[in-house]
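Chemist: Residue-level listing of the chains:
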Amino acid sequence: MYHQATFDEPIVIDIKGRRTLKIPHENEGYKTQVPEEMRRETIGIGDREEFSVIRHFVKLSEMNFGADTGFYPLGSCTMKYNPKINDEIASLDGFRMIHPLQDSSEVQGALKLMYELSDLLKKITGMDEITLQPLAGAGGEFTGLSIVRAYFECKKELDTRREVVVPDSAHGSNPASSHMAGFDVVQVPSTSDGTVDIEKFKEAVTERTAAFMITNPNTLGIFEDKIVEMANYAHSKGALLYYDGANLNGIMTKTTPAKMGFDIVHLNLHKTFSTPHGGGGPGAGPVGVVEKLKDFLPYPLVTFDGEKYSNDYIPPKTIGKVASFYGNFGVLVRAWTYIKMMGEEGLRDACETAVLNSNYMRKKIQEFMPVPGKTIKKHEFVASSVGSGMPKAGDIAKHLIDNGVHAPTIYFPLIVPEALMIEPTESATKEEMDLFIETVRQSLKVSHEMFEKEPVNLKVTRIDDVDASKNPKPTLRMVRKEQKEALQQII
Amino acid sequence: MSNDLSELLKELQIQNPDELFKDIPESIRTSLLGLPRGMDEDEVRRLAGEYAGMNKTVNQQHSFLGFGLYNHYVPAAISNIINRNEFLTSYTPYQAEISQGIMQALFEYQSMIGELLDMDAVNSSMYDVSTSLGEAARMAKSITGKDVFIVPKYMSRNKRAVLDNYAKGADIKIKEVEFDERGMIDLTSLEKMVDDNTSGVYAEYPNMFGIIDTNVPKIKGIIGDERIFVAGVNPISLGVLAPPGKFGADIAIGEGQVLGLGLNFGGPVVGVFGTKEEFIRKMPGKIMGMTKDHNGKMAFSMILQTREQHIRRERAVTNMTSNQALMAVAAAVYLSLLGDSGLRKIGEVNMGRTRELMDVVREFGPFLPYESSPVFNEFLIRLNESKTYVNRIAKKYNLNPGYVLGKEYGFTDRNQVNIITNVTERNTNDDFNAYREFLREVA
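Chains as they are written, first to last, in the working numbering: chain A, 1 to 491; chain B, 1001 to 1443.
Hints are computed from structural coordinates only; laboratory data are not their basis. C-beta: ideal position from N, C-alpha, C; glycine also. Incorrect hints may have been included.
What the hints assert, rightly or not - Some chain A residues judged to face chain B by a derived CB distance under 8 angstroms, without partners named:
#: 1; residue: Met-63
#: 2; residue: Gly-109
#: 3; residue: Ala-110
#: 4; residue: Tyr-115
#: 5; residue: His-277
#: 6; residue: Gly-306
#: 7; residue: Met-369
Given these sequences and hints, build the entire structure.
Modeler: As structure tokens, then:
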């Protein structure tokens, strides 16, 4: 039986005390000389002891659920185990205490690591060059699409190539990134087997198409087996092919984006390469490209002349920069550690086990719930809680978390009604997967009234998200402001 | 193969997991990628130790290098909290009830940043300050419908290069406003530049030269309510400097790295982003909001998700999905530890120590081009020597005097070196002595 720790913790601003943290030089009498109009009066976050801070945040952490707490099959997020050695290595002084603007002669170790990581990622994707700069998957998409724009600008075709084609099953970030890079989005429907409708695809891809953007395996966990035909067709129309690497865990070592015909790839190191997700980030979204796009990559790139590493190469047609410095270095160190330890055999095993787990769960779930699309799935699959008496996907999710199992991604992809997107990854035992399946099966018997009351084993029960968004209170000062106004109305 | 796997294979009636990949056409299957064999933990620990040892850390030298990323003291409590497995290995809190811990921590980050900025709405993190600026320019266009965004002539080229990229995709034109002789935004030029096409103006305090630009408070009055004022701040300075909200900023951004995140060769950091209440629906990023559960208990919800890509797709406010949440938690721990008194103190120490080093410079000659302008913790020093010579002498004293501004900032005189020197609370008197000896030799 699962019970989450429950504390009624105040907002930290309201925890009052004395500051115990010492600041260097604080007793040497330094004073400010700020011009009057720019002087700070009050601040408003209060003081407290270090032990109070630690107790507070430790309690908050206990009211949270991570992949180290339990099974976390959140589809499309690849919540695999994050080896602890990754964190240890990222915290070495030699990596932690270096400044990105130091002369390259002083940071040879960091550059060597980045160079090696690029090389490993090139082998994994089959791409010819890699930038490690993008700070997240969506940041990688924006980088890749900026490269698409620069490429066609250079070819003087940008005036006519205004469109990016995406399947209707695509991650929402794909159309959003396309729009941010200045393109119009054209959506292609999927067929009932869950893959892109090839006829509709051919209608959509024209001389107006700048890029076709797709993840493979797609968001239904299905391998798009007509990918070569699509790639050839898109290339024949002069378009580029963009690979969203969110689902790389499902094919890693079995094929590469290059083999499939892609020109641009972004990877999510926090998914495929085991770096911790940090409650939402930091991630890292390196972008790989084929030879003809190398000159458009963001600057700088790490180079090696056989003796020393440099960090000042500016590709001749560079799109510029997509982050202040060279990427989320701490995340890069962790991904390097992971790949070094896995080797090719380890990565193959990870991929095979993830796909095996996913198909096992798919087969078991299918016994009582439809799983649309082709039978064989890759690293994830989508169940659809439809049919008479079936609970809503959202209710199943609450039933799961109430039983100490993290819920899958729900209501995505949008093309599947009542979608439950399940990705066990390779980090799950049969017992954990069976417990998940059993809990979902049980939820079919839970009455509507019972669902209303769930969850009961967590810090809070159901939250009114609609009201929370109608009256947004993103800071304590807004909460207080509203309380004050309410009070005044009563008076 | 472990027992577990054989049971799974049996259930699927297959012999080998590879059978689950038969839908990948043979023509595109790979046999070997050519990756090296896997290492064990001890091997990789040694190798990484070797690489880390090839780097010269800021602790192994007298470092005054800042310029956008600062060598501040990082309290031990921070890594202790952000390495808590429940925070570290969780993801975006899509299931709110089981994720209240991180949601409250992020709400606290937003609340404390809200106080620092004097702004009501704050998001739970951007990637870094450069992407915060890019998003702010897009937001200014989206609010006003205008497409010219004005930025200072002197600002970090890195930040500017990222902004240019965001601007290109959104059809925004960037224009530069000149500086006056005190190293501040030239208000007369700004007034002339602002017209019907102006969506907003970006200005920093402290700016690229470290100067506390006293013209910034006048900007909102010049550009008026119909245009967006984006203020760039250094969050650690806001214990002693007035908040951007006081100067009518519509959006405030900053690099949150200074709030206890350390250097890490430039990442991960965290982009600070705040705005006025009225613009919250135009703000990018994930936002935690305080609300109640069905029993009336305090709870947190990820609010305004209909702005986001997983629902709104190409019409989303931004494409952002993963952010820098854990770094925001780190900043929250940092701010909690320092509190009001610590923030004020750290501001005083940074300003006071910087002034002290500037006094050292004055002993040797007129090397401070903006001598009369107030600075926070960075200043411009101009030496009439070649860069090679200055570097050689600095090396002799195991000193990094700061960031050398080159031709990308318009400094082309080869007999002159322009350095941005940064002083933080971490700089010791030994560091000061090295700087003094260096000056004695080059001046």
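Chemist: If you take the shortest Cβ to Cβ gap from Tyr-115 of chain A to chain B, is it below 8 angstroms?
Modeler: With Cβ-Cβ at 11 angstroms, over 8 angstroms, it is violated.
Chemist: Is the shortest C-beta separation between Met-369 of chain A and chain B less than 8 angstroms?
Modeler: Nearest chain B Cβ about 17 angstroms off; hint violated.
Chemist: Could you check if His-277 of chain A really has its C-beta closer than 8 angstroms to a C-beta on chain B?
Modeler: holds (4 angstroms)
Chemist: Identify whether the interface hint at Met-63 of chain A stands, where standing means a beta carbon of chain B within less than 8 angstroms of its own.
Modeler: holds (4 angstroms)
Chemist: Can you verify the interface hint for Ala-110 of chain A: is its Cβ closer than 8 angstroms to any Cβ in chain B?
Modeler: Holds - the Cβ of Ala-110 of chain A comes within 8 angstroms of chain B, reaching about 5 angstroms at its closest.
Chemist: At a threshold of 8 angstroms, is the proposed contact between Gly-306 of chain A and chain B supported by beta-carbon distances?
Modeler: violated (16 angstroms)
Chemist: Is the interface hint satisfied for Gly-109 of chain A? The criterion is a beta-carbon contact with chain B at less than 8 angstroms.
Modeler: holds (3 angstroms)
In terms of the numbered hints stated before, the structure departs from hints 4, 6, 7, listed from lowest to highest.
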